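Q: Below are the chains, spelled out letter by letter.
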Amino acid sequence: MKKIFLVFTITFIFSSCEKVIMPESESADVEITFETLWQTIDRGYSFFEYKNIDWNAVYQTYRPQINNNMTDRELFNKCAQMLNILRDGHVNLRAGFSTSYYNDFYLNFPANFNKEIIDRNYLRGFEVTGPLYHTVLSGNIGYVYYGSFASPFTDDQLDVVLTRFNSIVGLKGIILDIRNNPGGDPSNAYRFFKRIASQNTVLYKTKYKNGPGHNDFSEEQESIIEPTTDKIKYAGKIVVLTNRKCYSACNFFVAGCKAFSQIKIVGDQTGGGGGQPTGFELPNGWSVNFSGSITSLPNGFIIENGVLPDIAVSLTPADEAAGIDTIIEKAKTLF
Amino acid sequence: MIFMKTFFLIFHAILFTSIVSAQNPELPRSKKTDNRYWLLGLGLSIQNMYDEGISYVRYKGTGVAPSIGFIKNSEKKYCQFLLQPTFNKLTTERSNELRPMEVRTTRFVLDYQYLVRVKEWNEKLKLYAGGNASLLFNLKRAEQLDNSQLVYDYTLSIGPAAKLDKTVRLNKRECVAAIGLSVPLLSHIARPYYLNRIEFIDPKNDFLGDLFSNSSVVTVNKNFRITSGLSFTYPLFNKNELKLGYTWDFYKMTTINSVYAAEHLISIAFLSNY
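Quick note, the sequences are listed as chains B and X, same order.
Counting along the first sequence from 1, when you hit position 285 you're at 285 in the working numbering, and nothing is skipped either side.
Each number in the working numbering corresponds to the 1-based position in the second sequence with 335 added.
Because the hints were derived from the structure by calculation, they are not lab data.
Hints are supplied without guarantee of correctness; some may be wrong.
BS3-like cross-link-like pairs, simulated, lysine-lysine; straight-line CA separation at most 25 Å [to be verified]:
1. B:Lys205 / B:Lys172
2. B:Lys19 / X:Lys557
3. B:Lys258 / B:Lys233
4. B:Lys264 / B:Lys194
5. X:Lys539 / B:Lys233
6. B:Lys205 / X:Lys539
7. B:Lys51 / B:Lys205
8. X:Lys574 / X:Lys411
9. B:Lys19 / X:Lys574
10. B:Lys258 / B:Lys207
11. B:Lys264 / B:Lys237
12. B:Lys19 / X:Lys587
13. B:Lys19 / B:Lys51
14. X:Lys539 / B:Lys258
15. B:Lys231 / X:Lys539
16. X:Lys539 / B:Lys194
17. B:Lys19 / X:Lys424
18. B:Lys207 / X:Lys539
Label pairs and their computed distance ranges (CB to CB) [stated by the list, open to error]:
19. X:Glu387 / B:Ala57: 25 to 31 Å
20. X:Glu387 / B:Tyr50: 24 to 30 Å
21. X:Lys539 / B:Tyr50: 21 to 27 Å
Residues of chain X placed beyond 10 Å of chain B at every Cβ, according to the derived structure [what the hints assert, rightly or not]:
22. Tyr385
23. Thr397
24. Ile403
25. Met436
26. Thr441
27. Asp446
28. Arg452
29. Gln484
30. Leu491
31. Gly494
32. Phe542
Small disclaimer: the values here were computed from a predicted structure and weren't measured.
Glycine included, each C-beta is placed from N, C-alpha and C at the ideal position.
All chains should be modelled from the sequences, with the hints used to inform the complete structure.
A: Following this line, the structure appears as structure tokens:
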């Protein structure tokens, strides 16, 4: 019995070794949390060079303002202020009681979108198929409003919409309105591109952070869309409407549209968001999201600050007052 | 729920088969000196983890650990094939409702152990030694990290293993208390890319295909793992057995960052002789 007890004791002690080998949790105090946040961004953020940001100088500015006597709220505010220097809507600090956002990418620009006008004067008699609102405008032009890439549409739903438009005799084309679309899942874009591609098409190129240095990136990888061979396609003209609130997955979608000659982009520049968001947890339980890649068009144009429209059009106050969407009206003239 | 139903269905099927087959001494056997068992068990898994791909915080938690396996032993050798999935929810004392710090782990261990008797001090104390091949895949999901939430540890390793058996009498039955140890020396390991990236912005993104893109063959300096265990086997009716076990499995794997993981597993298994 003594021997058995001895063996159990030895095994228990042996298995307790992990407490020695495994590192303790990093301290959750204010200064360590700040240091970890700064270092996480330093090692992971992808746009320092592109945006010409001296992150070490940022540290020198903010570190003296941090001390262990600060409250969580004070630390959060200071960290959020520091992160906003990155001018990136994909950079968020999530503390539970609040989440920091950078949204100057659209707040500093005209909205170029009035949903009330669209609902009252353009979408009357519309059909809803999943997240896709569609109708036929005067002049025999199809119109689809898609408000968020976070609301996925299925292939079957896309079939319904494309079948409808393909069956209309003399349809001049489709307006795809994605203004105020804040992004979501980019795979919705691929589902759409497959229906209009006639051959393998390079949408954009991406290089990913692969090390802690500011210039540690993978080789550039091309994102190629292959045309569908067994689903309903659309071969006509398409005009895509954009504004500054087109962000993230929506921005990637507009970047991809540039690869297709049958698509024209009309409206305002997109808001941007050209880095793939990635996340890390801080020692106090907060988490931080940040861009971890750089995507550019095949011609090398980096899409982080937005994609330019082919035809820049703004909503005029006079048109808005008269219930007219200047951008839709311009799009209708392009077919 | 479906899982538990399936588990109990299989358990009862094996139990029934074992009772029926064990009572028929005329069943053909290629080597009558061997003892062969199906193993079906259930355990409590207690895990600790420190994964620099998620944070610099230790996580711990408990979960269930069913197991299924096959054992063949004789006077001179011991052979075991064991599949052991565990499903745990890990958290930290710093977690709260506003910002839950939670990592769900699904861990599969597939072990093949082949040991031969190398020393016999007396009829009651025997030492077995040999090799162990182990496949471990630990998929972790930390939803608070959005696109970086999927983290995994994979290792396929081989190394030496040993087991010391001590026969003891309990309730007039010959029971076996055993202590075992295995340490992989050569491993094929894989961890996620830097920042746990999954290429969502690529139409051809293939998470499963990319699982092994960041892999390498390493020795103990990059994948240190130690598995030790105690077990107590108690004979039941018809050569069936009941096995109580405690296993400690620790590993430290280093690629672009390090992960430390430990599992304490307390299990009970039914060994069905056939």
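Q: Work down the list of hints and note, for each, if the structure agrees.
A: Verification of the hints:
1. Our distance criterion of 25 Å between C-alpha atoms is broken by Lys205 of chain B and Lys172 of chain B, whose separation comes to about 32 Å.
2. With a C-alpha separation of about 19 Å, the suggested pairing of Lys19 of chain B with Lys557 of chain X holds against the 25 Å cut-off.
3. For the given pair, Lys258 of chain B sits about 18 Å from Lys233 of chain B by alpha-carbon distance, which is consistent with the 25 Å threshold.
4. Proposed proximity of Lys264 of chain B and Lys194 of chain B is supported: the alpha carbons are some 17 Å apart, at most 25 Å.
5. Distance hint between Lys539 of chain X and Lys233 of chain B is fulfilled; the C-alpha atoms sit about 20 Å from each other, no more than 25 Å.
6. This hinted pair checks out: Lys205 of chain B and Lys539 of chain X have alpha carbons roughly 13 Å apart, not beyond 25 Å.
7. Annotation: proposed proximity of Lys51 of chain B to Lys205 of chain B holds, straight-line Cα distance about 19 Å (limit 25 Å).
8. Under the criterion of a C-alpha separation no larger than 25 Å, the hint pairing Lys574 of chain X with Lys411 of chain X is consistent with the structure, at around 19 Å.
9. About 40 Å separates the Cα atoms of Lys19 of chain B and Lys574 of chain X, which puts this hinted pair outside 25 Å; it is violated.
10. Taking the CA atoms of Lys258 of chain B and Lys207 of chain B, the gap is about 19 Å. The hint holds against a cut of 25 Å.
11. The hinted pair formed by Lys264 of chain B and Lys237 of chain B meets the criterion: a straight-line CA distance of about 8 Å does not exceed 25 Å.
12. In summary, the hint linking Lys19 of chain B to Lys587 of chain X is supported, as the alpha carbons are separated by about 13 Å, within the 25 Å threshold.
13. A threshold of 25 Å between alpha carbons decides the hint, and for Lys19 of chain B with Lys51 of chain B the separation of about 44 Å lies outside it, so the pair is violated.
14. Taken as a hint, the Lys539 of chain X and Lys258 of chain B pair is honoured in the structure, with Cα atoms around 19 Å apart against an allowance of 25 Å.
15. Taking the CA atoms of Lys231 of chain B and Lys539 of chain X, the gap is near 18 Å; set against the 25 Å cutoff, the hint holds.
16. Under the criterion of a C-alpha separation no larger than 25 Å, the hint pairing Lys539 of chain X with Lys194 of chain B is consistent with the structure, at around 12 Å.
17. Taking the CA atoms of Lys19 of chain B and Lys424 of chain X, the gap is near 20 Å; set against the 25 Å cutoff, the hint holds.
18. Between Lys207 of chain B and Lys539 of chain X the CA atoms are separated by roughly 15 Å; this keeps the pair inside 25 Å, and the hint holds.
19. The given range of 25 to 31 Å is respected by Glu387 of chain X and Ala57 of chain B, whose C-beta atoms sit roughly 27 Å from each other.
20. Remark: the range hint 24 to 30 Å for Glu387 of chain X to Tyr50 of chain B is upheld by a beta-carbon distance near 27 Å.
21. At about 25 Å, the beta-carbon gap between Lys539 of chain X and Tyr50 of chain B stays in the expected band of 21 to 27 Å.
22. Here Tyr385 of chain X does not stay apart from chain B, with its beta-carbon only about 5 Å from theirs, under the 10 Å limit.
23. Its beta-carbon lying about 16 Å from the closest one in chain B, Thr397 of chain X satisfies the requirement of being farther than 10 Å from that chain.
24. Distance check for Ile403 of chain X against chain B: the nearest CB is about 24 Å away, which clears 10 Å, and the non-interface claim stands.
25. A cut-off of 10 Å between C-beta atoms contradicts the statement that Met436 of chain X is not in contact with chain B; the least separation is 5 Å.
26. Every CB of chain B is more than 10 Å from the CB of Thr441 of chain X (nearest about 20 Å), matching its label as outside the interface.
27. No Cβ of chain B comes within 10 Å of the Cβ of Asp446 of chain X; the nearest lies about 18 Å off, and the non-interface call holds.
28. The claim that Arg452 of chain X lies off the interface holds: its Cβ sits roughly 20 Å from the closest Cβ of chain B, which is beyond the 10 Å cut-off.
29. Against the 10 Å criterion, Gln484 of chain X falls within the reach of chain B, whose nearest CB is about 7 Å from its own CB.
30. Listed as a non-interface residue, Leu491 of chain X keeps its Cβ farther than 10 Å from every Cβ of chain B; the least gap is roughly 22 Å.
31. The claim that Gly494 of chain X is not at the interface with chain B holds, since no C-beta of that chain comes within 10 Å of its own (minimum 17 Å).
32. Look at Phe542 of chain X: its CB is around 12 Å from the nearest CB on chain B, clear of 10 Å, so calling it non-interface holds up.
Violated hints for the displayed structure, listed by number in ascending order: 1, 9, 13, 22, 25 and 29.
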